[in-house]
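Student: Chains X and E, in that order, are what the protein sequence lines are.
Reminder that position 3 of the first sequence reads as 3 in this note's numbering, one-by-one numbering, no gaps.
Reminder that position 14 of the second sequence reads as 338 in this note's numbering, one-by-one numbering, no gaps.
Bear in mind the hints are in silico, worked out from the structure with no lab data behind them.
Just so it is clear, CB atoms sit at the ideal spot from N, CA and C, and this is done for glycine as well.
Among the clues, some could well be false.
[Unchecked claim] Each pair of labels, with its calculated beta carbon distance range:
(1) X/216 to E/451: 29 to 39 Å
(2) X/219 to E/587: 49 to 59 Å
(3) E/598 to X/55: 53 to 63 Å
(4) E/385 to X/287: 23 to 33 Å
(5) E/393 to X/216: 34 to 44 Å
(6) E/448 to X/224: 13 to 23 Å
[As the list claims (entries may be wrong)] Stretches of chain E that chain X covers, calculated by requiring three or more beta carbons in the stretch to come under 8 Å of a beta carbon on chain X:
(7) 434-446
(8) 462-476
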Amino acid sequence: MNRAYFARRFAMALLAIGVAVVLNFLLIHLMPGDPAHRFYADPRVPPEVKQEIIRLFGLDKPLWQQFLLYMRNVLRGELGVSYTTQRPVLQVIAERIPWTLAITLIPTFLAIACGIWLGLWTAWRRGGILDFLLRTLGTATSSVPSFWLAMLLVMIFSYWARIFPLMGMVKPGLSLAEAPWSFIGSVAYHAALPMLTLFVLSVPGYALVMRNAVISVLGENYILAAQSKGISQTVLLGRHVLKNAVLPLISMFSLSLVGVIGGAVLVEQVFSWYGMGLLMIRAAQARDFPLVQAAALITIVLTIAANFVADLVQAWIDPRIRYG
Amino acid sequence: MARGGHRNRRPQSEEGLPRRERRSLRLLRRPAGLFSLIFLALCIFCALAADRISPYDPYDPGQKDILHALTGPSRRHPLGTDSFGGDLFSALIHGARIALIVGFTTGITVSLLGAVLGAAAAFFGGGVDRTLMFLVDVVMVLPGLPLMILVATYIGGSYWIVVVLFTFLGWAGVCRMVRGRILSEKTVPYVEAARSYAAPRWRILFRHLLPSTYPLLAVTAARTAAGSVLAEAGLSFLGFGDPLAISWGKLLAEAQSQGALLFGAWWWVLFPGLAVTLLALSFINLGYALEEVFNPRLRRGARC
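All chains should be built: construct the whole structure from the sequences, respecting the hints.
Tutor: Written out as structure tokens, the structure reads:
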């Protein structure tokens, strides 16, 4: 790994997070009304917590000092205390992160695997039925609201066919400690429809990008050279085409992460899947400001981190990026 | 490709027409473009004449047909009713307003801001370019929906949040594309020729470089419009839309919270979502059609 490239990307990611933190801070202070009032005027906040909040955020000090304090608190991981649960927000959020990552990352990786295969196939058999279907569906799926598709799937699979549960994450009464396998099984059963939703919506996009990349790679001279050597179709597609065509897919993956992690909120809402998104919605409805703010900040940090990793993977696979 | 089949079908008949008319005809000849235009026109008509044409007033609680609550499509209620007997057809007609306002405003603001900043980055270069490109990289990784929820928590639900945040986040992609297009167009021979005539730099920018980005801008404006329609529906669905106005996303939110899925009220779920999807699809198709209008190389009759 080229060290300079790594350093530049890392600085970028850190700066992006910094901008997000500043934005977060400015948002509170640019909003109409007194931010301090908003923080401790909530009747649910006991007086000693109120004093603690004023001290912790330096709400009686000038703005620039407040900003420094805010930065220090963020760096220490002190993002405040949730009004509704009276627990540190970081702790509340940490419990929810795995649930969101599970229903977003698994279908995304599956969609990429399927997209690679579909893209190879449709590019090889251009003009076939699958190709036509893919190109039609590709435009359609980009305009289908994810939550609507989720609702339709619930309608079909839970109401009419009664195959999958309506909502929730696990059968009540099961616990991970007592019966780990039936717990995991139940979670997978409940996660099937949310995952299916995200999977169905992301496959055509990846497949189309892959298809176009494969088509352009197939026109290259080295493919002709490989074919003239008389190698088999499997080796040609698997070794020469796949390696070169998969690159745009990875950059698409890193860009789509922004939408996938942020957009999971909608699907979580439909299925009452208690992840980061639903936590944020419920916090927002309860006007639990510290929790909403921290949840937004952590979602942003997660996406930036995921992007950073995806960029590194891309540079690792494609030497042209590192030295370009 | 798909367009090949219609190649050269009627190139002659166009020759005699004035330039502007020829362009609009091309837009209409693609079935997808035509369909999108019709659906968009229908939405605009609904939004403008909502009060006149909708059979019931969805804002008037007295006009709810409680005796026919939660019934499927019928002659009385062509698209069925919600759980209080509100006519979904009328609600859909009124919901077109917000969707169109959001779609058109963001489409225009995002592409304008992106074009201006992208042109500035390409034109000035150096520090301006580096700063702008850095900002682009930062803004590109900010997730929109969580930020919208955050803002909505503080200032309350409104569809203007979608417009403002889409503009705030969306310019980055447009800026990068416009900059790239201008930088690559700079090296094209006809621009070099213009420079050799000692044409002023700003003149080259406005006469030659910016127009070369129009096809791109048309597509991105349309895509942004589609994206913002979807985002507005999503935000309303989460309960952060305008609390007083009827929107398609809000209809879906009510369907979800009032148990349309439990009672199998498919019409309550199907039609509002279909409206959102079709409008977003129309915007995207319109973008492709406009790209063809602006970009002579993509035209069907064109030979290069």
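Student: Now look at each hint and say whether the structure bears it out.
Tutor: The hints, checked one at a time:
1. As the Cβ distance of residue 216 of chain X to residue 451 of chain E is approximately 35 Å, the hint placing it in 29 to 39 Å holds.
2. Taking the beta carbon of each, residue 219 of chain X and residue 587 of chain E are about 55 Å apart, inside 49 to 59 Å as hinted.
3. Taking 53 to 63 Å as the suggested C-beta distance range, the pair residue 598 of chain E and residue 55 of chain X conforms, at roughly 54 Å.
4. At about 27 Å, the CB distance of residue 385 of chain E to residue 287 of chain X agrees with the hint of 23 to 33 Å.
5. Distance hint for residue 393 of chain E and residue 216 of chain X: a CB-CB separation of about 56 Å, inconsistent with the stated range 34 to 44 Å.
6. Checked against the hint of 13 to 23 Å, the pair residue 448 of chain E and residue 224 of chain X fails, with Cβ atoms roughly 44 Å apart.
7. Only when three residues or more bring their CB closer than 8 Å to a CB of chain X does the claim for the segment 434-446 of chain E stand; here the count is 0, and the claim is violated.
8. Coverage of the segment 462-476 of chain E by chain X holds [criterion: at least 3 residues with CB-CB distance below 8 Å; count 13].
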